[in-house]
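Chains as they are written, first to last, in the numbering used here: chain A, 1 to 408; chain B, 409 to 816; chain C, 817 to 1138; chain D, 1139 to 1460.
Please note: incorrect hints may appear among the correct ones.
Claimed, not checked - As a list, the in silico SDA-like pairs of lysine to any residue whose alpha-carbon atoms are at most 25 angstroms apart:
(1) A:K143 - D:E1418
(2) A:K281 - A:S87
(3) C:K1012 - C:T1063
(4) C:K1070 - D:E1418
(5) A:K394 - C:K1012
(6) C:K1012 - B:G764
It is worth saying that the hints were derived from the structure and are not from the lab.
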Amino acid sequence: MEIGSEIANRPRRGGEDDGRTGLSRRGFLRVAGLAGVAAGLAGHVARADGQIGYFAMDLPDDRLAGMLRTILRIRWHERTMADRMLSDPSYRAYNHFYAGQEAVATGVCAALRNDGPFEQIDLVYSTHRPTGHALAKGVDMAKMQAEMDFRATGLNGGYAAEMHISDPSVGFIGADGMIGPGHVIATGSAFAFRARGSDQVSVVFGGDGTYATPHFHSALNNARLLDLPFIYVLENNLYHQYAHYSYSCPHTDIADAARAYGIPARVVDGQDVFQVYNAAKEAVDRARAGGGPTFIEAKTYRYYNHLGAPGAEVGKLGAFGYDPLAITSFRPEREVRAWMQRDPVDIARATLIDWGVLTAEAADAMEAEVRAEVDAAFAWAAGQPLCNPEDGLKHVFAEGEVMPRQVA
Amino acid sequence: MEIGSEIANRPRRGGEDDGRTGLSRRGFLRVAGLAGVAAGLAGHVARADGQIGYFAMDLPDDRLAGMLRTILRIRWHERTMADRMLSDPSYRAYNHFYAGQEAVATGVCAALRNDGPFEQIDLVYSTHRPTGHALAKGVDMAKMQAEMDFRATGLNGGYAAEMHISDPSVGFIGADGMIGPGHVIATGSAFAFRARGSDQVSVVFGGDGTYATPHFHSALNNARLLDLPFIYVLENNLYHQYAHYSYSCPHTDIADAARAYGIPARVVDGQDVFQVYNAAKEAVDRARAGGGPTFIEAKTYRYYNHLGAPGAEVGKLGAFGYDPLAITSFRPEREVRAWMQRDPVDIARATLIDWGVLTAEAADAMEAEVRAEVDAAFAWAAGQPLCNPEDGLKHVFAEGEVMPRQVA
Amino acid sequence: MTEKTWMYSVLEAVQWEMRNDPAMTWIFELTPPVATNAGMPVINLETEFGRRRVVNTGIDENWMASAVPGAGLAGSKAATYIPYQGAGMPYQVIQNHAGKLRSMSGGRASMPVVFVIEMTGQTPGFAGQHSDYEVDTIYAHIAGVRTVVPSTPYDAKGMMHAALRSPDPVVFLYPAGLRMLSEEVSDAPYEVPLTKAAVRQEGSDLTIVGSGAGMPEVLEAAATLTGEGMSVEVIDLRVLKEMDTETLVTSVAKTRRLLAVDQSYYTLGPAAEVVARCAENVEGARFRRIAFSDAPPPASPEMFTWMRPDATRIADAARRMV
Amino acid sequence: MTEKTWMYSVLEAVQWEMRNDPAMTWIFELTPPVATNAGMPVINLETEFGRRRVVNTGIDENWMASAVPGAGLAGSKAATYIPYQGAGMPYQVIQNHAGKLRSMSGGRASMPVVFVIEMTGQTPGFAGQHSDYEVDTIYAHIAGVRTVVPSTPYDAKGMMHAALRSPDPVVFLYPAGLRMLSEEVSDAPYEVPLTKAAVRQEGSDLTIVGSGAGMPEVLEAAATLTGEGMSVEVIDLRVLKEMDTETLVTSVAKTRRLLAVDQSYYTLGPAAEVVARCAENVEGARFRRIAFSDAPPPASPEMFTWMRPDATRIADAARRMV
Ligand SMILES: Cc1ncc(C[n+]2csc(CCOP(=O)(O)OP(=O)(O)O)c2C)c(N)n1
Ligand SMILES: Cc1ncc(C[n+]2csc(CCOP(=O)(O)OP(=O)(O)O)c2C)c(N)n1
Ligand SMILES: [Mg+2]
Ligand SMILES: [Mg+2]
């Protein structure tokens, strides 16, 4: 049980410690977590010698280790944000937390082309919960954090904030705060790729909530009819805001809905970055080869509440407790705990150590580096200038400004 | 071959004679038609003694004969209209012809509650091709014809015209000229029935074109999630305007799309009214018993072009020839001919004679009566007053009129 | 009679109507029909009336807004609450179906239905795609739908009763910026007509017209100006469709100066219609309009608040006219 | 140089741009991109550029209108032709996505895309749900989208070139009532700016402002009035967003009388904005507006034509002002 004890010894793991839920949850998580990881590894080891189905077999060690680094960067960005909301009265950014789901964004984006000329990179369309997708796609953390804090030098000059961030330079077309439309727009990019003979791929992330939107049908039907290089990654974290997905979807596996269109679909363990990567790789290869769309349903979970905002207090609406308005259905404590046993950070780390890609010491050093990077990003962001009020009239059209109308 | 020769001897059958396409098509139709009808009947006869799957076994003879009458009323209304468009320069109404599809509306509406207090009758939502549904549901032909001719005493006072006719008194909520929205609205009626504990049923007719709309998903998903007393009748006549349905749908049977939601679905021969009736009866029974929605796909065909308008000329755009704009795909002559071999009038008539419900003489007499009724309806409509211009300001809200704004 | 918030007042009206009509339904998405108010019982429509009548749907605002006229056409009173993120989704079905069916059917179709559309996006912090600056205009422009935007809890309750009793479809805009506003509201049911603007303050030098969430700023500006000796008449539009021309024109004919204020976009915002109607009917008066600029609202509070017509800007504009 | 129809002129521009940009795409539904014109080659984009670039979709206008900005965001020029029946369907994606993305992204997103929206529903015979009286207002109201409504084949071609070359999303309204209109149009490409109204006739007694399919009626009325000795200035709005205030105000400052004409609904039609802008900027002038009443257009030609502002009504209104 070396791996297990290694994990048990690491402090601050699991997303909700820091004295907020106290030792009891952390303790619970520690013990139960081992079982989950061990079970996961058993599967990997059994397939380690085969060529078929081997996880991430095409990747060199540094790329594999890079996935853990990405997961850690997302996790520590999230946790630092949560801390600020709970403790720093001057902090202004809100966030739809991605903690718990890191392996999905990381595994998918690891299979994409994320740098090079704009005409060659793959595009990612994100959701109202975009930070994980952004970081995995290569968006600069400090600039993103400045944007989330409404700063003039932020990624989008303070116009966007969390739910609307974007960075075309790395193919991150961006957050779409609305549920549904982004998926359809993403098929339009795929249509353009096919029309101009490019091998680029258009990827959209969506939640289980997306299933019910009329856009779900439009996106899948047209992707299938036109054989578009389009990948639909559905992060099924079981809830859309205050309702379990069974309130809006008749399927247990939403992937079955995609299969009905004749679209190849896979259900993957969204907590295991290598499993996610494998599915994404297969989808990307298919799309680049002209084989059309793929649907990936990643079963996952978010640790925090739907939304966190500055001035949050543990247990209060919009922060980190249960929502008193959540009358239709809400997340049971035991469900949260059960999912935390299969933490994506733990799984990735343990797997890499097991594979001999990293030592525990190297993993610890990586985490320390990431924490320093995150702290530096927050510090840089907090020091950035606020926006110039008059700039609100800019960027409506490519040229010029619109007239100020708040004065007569 | 008695049945066969009976059919061969009847004049003016098949929708496109009257010298327009000439004897060649009629002759072709006559011979080929026999095979189709005979094949259809063979099936019926083989099952005639059984209780299971017997067509329309719950209906007395007068109701069975009534179905033929309804089919004939729709057919002769269509043909009379087509004649007027081609020949009468003062004729004003346009029409999306239903000829060829009569058995679908007739079979479905025969399974519904069409009279009684409004709180007890079943509701039908129609399409831009509504006359068949309207007549089958019990709408007055003369008033409908007056409406189509923009008359003040028409069914809807001249406000509606063909694509928007409605008559709540028989539960005909009406034509919806848009593709998609009506289906979703229809689920709202079903929702209201269930909420108030009524056993009424909400039925929507849609074309194959409806499949691609985002509304298709909304209607089916919500009907399934809420177990609504909702019946979706999809009339698959193979084309939406100028495109074959394979341009917008990856399924051969669109019913498969409904099954993916867990909705019971049947594919029926839309040319055989009794087969349609049977499927509808099953669906209505299920819905009244609280068993939720059903999807019925009726394979059918329209004989005329998408739309006919006054001043039509054979072979010209919008009339009765091929459309020169139909560049993406269009209906091959042989396909039209093949479908006309299985004419819903012929099939219903032959079946009833075979079953001993009607004699050939009685059927002829019925047709003569229907023709007289249709002629009378057209004559009455043509004699109705035109609308009062100022009435355009009425009926915007329940009370009062809006201000005229075309004058300062 | 208790001091009540906007939403409590509205749900009190809905609760009363649902208790009196067992067929009436309510469809919501992420905002449960629940309200609390100090000293009053909690209102929870979902638990009181059950999930057959009060349904929590998936994220499909077009279904919500379509189901409601469907229920209405089947003879059931129905209402839905559309969250601000989905405010634009139901546009087509309200415009082309709910609003047109009575006329299209020659008066035979009737839809006693209400679309509550939340306007949270017009408050600071809700930028870009989360700003719903368009809803007042798009729903005021279309025919056959009564569009109202009550700015006080009292009006909200009375207009909700009137809306639910009306045979016409009603778009009931909820200026969520007024969430915390409260005032004395009767516990008994009462109606406020769906056809009348409200003169909130009488005056003779200048007419200021506002609506919805803009009203507190307008009233604050009017108080400042009154303090400075200006005689200001304040009109709260309350009803966007059919707009109450008479109240507007009578006032401007008296003051001969009109300042129309919108918190939504300048071009074709409700204030454009206010100015146009008055200009057509009162010759020789002075007309001014201030509004949010024709730009998607930015996230940064610094940019956003600068772009918004607030009490100071309204007062400034007024001073420049008198 | 040949006499060409509106649609031939437009497709000529599209064809030219597609020949010069192999990435450009065109998405249609039931209206194939085909045009014929006496003495000119048939234009058929589908056969010329193939089905990878020119695609015939199912009945899903929201997909069409979403695919186009998606293509734009991927760096491809793209256009779509939305038939009038589906004119309201793409509203949300144009309003909340196409129009806001540049601003939301701090200027980083660019969408060189065009939404051609057909307005057949504003011609007689297309009643109720088939009347698209709302499209000029809803697309003129929103931010970040240039909305134009050319009324002549010449302008249509030049504005299509300009629209396809513009990095901004353009809503290109097609007043289908002008289907049969033709005039001399150059075979070579040229641009007409997306920012300027056109003064169609100069005069000093009265300014008449119209747009789109209303222009022939306005011009006919102006001809009649001119014949009667009135000096009429006629302005064709051409651009609804950003509306060319300067041309309007300059004219009304001169004539001191404004008659604004819409063929769509009165309340918050484009003419409301025309009157409001002029009333704010020209004091003491006279303002009048005529439009289709706030009622869904009825099917009956008798009702419909009576409700429509035609040349006779425009001339009548003008005579009453001068
Ligand atoms: C069209 C639309 N309607 C409503 C909302 C409000 N909303 C924001 S997030 C959310 C839930 C989304 O759930 P899901 O897709 O499962 O994603 P998750 O939050 O679980 O990541 C809702 C309803 C929205 N953003 N857009
Ligand atoms: C939303 C919308 N888009 C486009 C149209 C134009 N339109 C009218 S009928 C039609 C084809 C419908 O095909 P289908 O549903 O198969 O019915 P069919 O005409 O074959 O009976 C189309 C595209 C419309 N009415 N509504
Ligand atoms: Mg979710
Ligand atoms: Mg069809």
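Consistency of the hints with the structure:
A distance of roughly 43 angstroms separates the Cα atoms of K143 (chain A) and E1418 (chain D); the hinted pair therefore is violated under the 25 angstroms criterion. At roughly 41 angstroms between alpha-carbon atoms, K281 (chain A) and S87 (chain A) are farther apart than 25 angstroms, so this suggested pair is violated. With a C-alpha separation of about 8 angstroms, the suggested pair K1012 (chain C) and T1063 (chain C) falls inside the 25 angstroms cut-off, and the hint holds. Taking the CA atoms of K1070 (chain C) and E1418 (chain D), the gap is about 18 angstroms. The hint holds against a cut of 25 angstroms.
The hinted pair formed by K394 (chain A) and K1012 (chain C) fails the criterion: a straight-line CA distance of about 38 angstroms is larger than 25 angstroms. Among the hinted pairs, K1012 (chain C) with G764 (chain B) is inconsistent with the structure: their alpha-carbon atoms are about 68 angstroms apart, more than 25 angstroms.
Violated hints, listed in ascending order, are 1, 2, 5 and 6; each of the other numbered hints is respected by the structure.
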